[in-house]
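Chemist: Taking the hints into account, I'd like the entire structure generated from these sequences.
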Amino acid sequence: MTSAARSQPQKAYDGIRRLMFHNEIVPGQKIAYRELAERLGMSQTPVIQALKWLEFQGLVRNERHRGYFTEPISLQEVGEIYDLRELLEVDLLRRSLTRMTAADTRRIRAALEDHLTATAGRDLHARLAKDMHFHLALADCAGTRVHQQSLHNLFDLLYLKYGANVLFATDMRAAGAAHQELFEAILSADRRRAVHALRRHIRAVKKHVLAGVRRLVAARELNPL
Numbered sequence: 269m270t271s272a273a274r275s276q277p278q279k280a281y282d283g284i285r286r287l288m289f290h291n292e293i294v295p296g297q298k299i300a301y302r303e304l305a306e307r308l309g310m311s312q313t314p315v316i317q318a319l320k321w322l323e324f325q326g327l328v329r330n331e332r333h334r335g336y337f338t339e340p341i342s343l344q345e346v347g348e349i350y351d352l353r354e355l356l357e358v359d360l361l362r363r364s365l366t367r368m369t370a371a372d373t374r375r376i377r378a379a380l381e382d383h384l385t386a387t388a389g390r391d392l393h394a395r396l397a398k399d400m401h402f403h404l405a406l407a408d409c410a411g412t413r414v415h416q417q418s419l420h421n422l423f424d425l426l427y428l429k430y431g432a433n434v435l436f437a438t439d440m441r442a443a444g445a446a447h448q449e450l451f452e453a454i455l456s457a458d459r460r461r462a463v464h465a466l467r468r469h470i471r472a473v474k475k476h477v478l479a480g481v482r483r484l485v486a487a488r489e490l491n492p493l
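Numbering (the working numbering), first residue to last: 269 to 493.
To be clear, the hints were calculated from the coordinates, so they are not data collected in a lab.
It is possible that part of the hints are untrue.
[Unchecked claim] Capping the alpha-carbon separation at 30 Å, the derived lysine-lysine pairs in DSSO-like fashion look like this:
id	residue 1	residue 2
1	Lys298	Lys474
2	Lys298	Lys279
3	Lys298	Lys320
Modeler: Right, dumping it as structure tokens:
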């Protein structure tokens with residue numbers, strides 16, 4: 269098998285993730301993998317392999333004799349994701365603060381500046397991507413691969429499974445200000461202030477997102493497809 273052939277499932281995987289992130293594949297949707305293959309410009313085999321990877325990650329499900337589907341919106345799941353994010357990110361932050369280097373600080377500053385720049389722009393998906401990058405850059409300083417991967421998986425659940433449903437319910441300007449406050453606490457080596465800022469930020473985002481998703485669910489119940 270050539271390297272180009274081996275890369276096809278990865279290309280399909282990346283392509284499907286991109287469609288999910290941009291809400292071109294939405295929660296509760298049946299995934300027609302034949303149409304998906306045509307859209308991605310490849311055969312059905314790598315698309316099916318990619319869907320199996322996504323199923324393993326909990327982003328899609330396979331129903332026997334019916335095919336692949338994305339999961340419907342779950343308020344409970346969204347709430348649980350944010351609760352787990354808080355536990356995990358606070359633990360990672362504490363670890364990061366004990367071993368942070370000047371290079372780490374520069375990297376976090378760059379991630380913060382990227383997010384603030386994106387927040388001032390019109391590309392909503394870029395805002396969300398840079399928000400995630402800031403949190404992952406901070407977590408990366410902890411040097412714990414399993415914890416970091418777990419956090420990355422939580423972001424996948426939020427931003428791929430729910431996509432724009434989370435994006436449009438997120439107050440990005442408030443998030444930018446919260447990131448700025450958190451970074452200032454890190455610079456001053458104020459561990460207590462940094463942890464408090466991170467907790468308050470995640471809880472505020474959770475409250476805002478849940479309110480937005482509730483409105484979306486209510487609207488869909490009033491106007492079902």
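Chemist: Each hint: holds or not?
Modeler: Hints and how they fare:
no. : hint            : result
1   : Lys298 - Lys474 : 28 Å, holds
2   : Lys298 - Lys279 : 21 Å, holds
3   : Lys298 - Lys320 : 15 Å, holds
Consistency note: the structure conflicts with none of the earlier hints.
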